[in-house]
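Fit chain L to the known structure of chain X by using the hints.
There are 2 protein chains.
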Amino acid sequence: MPKKKVSIKPGPMLYPLPAVMVTVGDMEENNIITIAWTGIINTSPPMTYISVKKSRHSHDILSRSREFVINLTTEKTVKATDYVGVKSGRDVDKFKEMSLTPIKADIVKAPMIEEAPINLECKVFEIKELPSHDMFLAEIVAVHIDEDLIDEKGKYCFEDAGLIAFNHGSYYKLSNRKIGGFGYSIMKNKTKKKLAKK
Amino acid sequence: MPKKKVSIKPGPMLYPLPAVMVTVGDMEENNIITIAWTGIINTSPPMTYISVKKSRHSHDILSRSREFVINLTTEKTVKATDYVGVKSGRDVDKFKEMSLTPIKADIVKAPMIEEAPINLECKVFEIKELPSHDMFLAEIVAVHIDEDLIDEKGKYCFEDAGLIAFNHGSYYKLSNRKIGGFGYSIMKNKTKKKLAKK
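Same order as they appear, the protein sequences are chains X and L.
Just so we're on the same page, our numbering is the position in the first sequence counted from 1, plus 7.
Just so we're on the same page, our numbering is the position in the second sequence counted from 1, plus 7.
One chain only, chain X, in its complex shape (with noise of 0.2 Å):
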């Protein structure tokens, strides 16, 4: 039997959708904003997105930076997720509130938060306006992990950050079981086996 199908008034409704928290300015005067409106754009080299305001106060900054850094978010700084996308660095400093500390990045002013697990560093090469958010179109040019995603033969453990996803208007953690991993749709028994026993 079909499956009866609604339709509703068009909304932004494409989920899951990263939530990180994109720090903008230098080590001195900064602010941290949450963004769920961000994607990678192009592989190689790599570029990504955020979509802001124009009324927010990174706006300002960004707009004369032009620099930014994604810091991806876990359950551990999931409160810290939702206050600095509700609260405004006009009112208040951020890092200080949620205890989260300002680390130097290695190419951008903009300061890396420490408990982020994964920091990515990106330039904007092209600022477009749109009806009621401006993308900031940029190229991640340094990446940055936790030496212990790392694990004894080199190979990055993201699925052990922890890291959280915006659903709606809530946050959810990941499972923790992988359900498939790319081409496993066509992948042989054999195959399969062999990367069971790695």
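Note that these hints are calculated values from the structure, not bench results.
The reader is advised that the hints may include incorrect statements.
The list treats identical chains as interchangeable, and a pair is accepted whether it falls inside one copy or across any two copies.
What the hints assert, rightly or not - In silico DSBU-like pairs for lysine-lysine, Cα to Cα no more than 30 Å straight-line:
1. Lys130 x Lys195
2. Lys11 x Lys83
3. Lys10 x Lys195
4. Lys197 x Lys130
5. Lys12 x Lys61
6. Lys130 x Lys111
7. Lys130 x Lys201
8. Lys135 x Lys116
9. Lys61 x Lys197
10. Lys111 x Lys86
11. Lys197 x Lys10
12. Lys16 x Lys83
13. Lys83 x Lys116
14. Lys60 x Lys10
15. Lys160 x Lys103
16. Lys201 x Lys61
Note that the structure is predicted; figures quoted are calculated from it, not measured.
Only chain L this time, still in chain X's reference frame:
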């Protein structure tokens, strides 16, 4: 003690991401492609994008039709999600191979996937060339959701859809347990109690 961070080769390491099935073409000639390079770029009106390699079969179709449907993916469709991402529509009929059902959309010609709990009809307003991928920027012009995801009060229960996320090459379910709702970090205890009763 500060955490030890390691600088690694820059890559598209933004996680978790959605892994959606994008449908292109029309009810007669169509294709499905898996896309993780997608996101929301504007809230009002709702706008999204997908980044697609020029060499992909769907790139040709998209460039001509300038329309597509984003079909959200779940644990039930994870095998299909993987399969349509690794096989080419030049070689196989992906709807048939994966037993997916094409149904007519309201506005665009591209079919929707019945087995997806949420379908977003999209109309392209710009194609932006980037080094390895082309971005198809689009407005979300219609949204359809399964009737059983709307509760008796009319609330959309996206958390019941069983959505999956893509994290560094693998697919994961979202945990059933919500960690927090938007704004919870600054909510008064009284408000929290009131909401819990609802």
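Violated constraints from the hint list, given by number and in increasing order: 1, 3, 4, 5, 7, 9, 11, 14, 15 and 16
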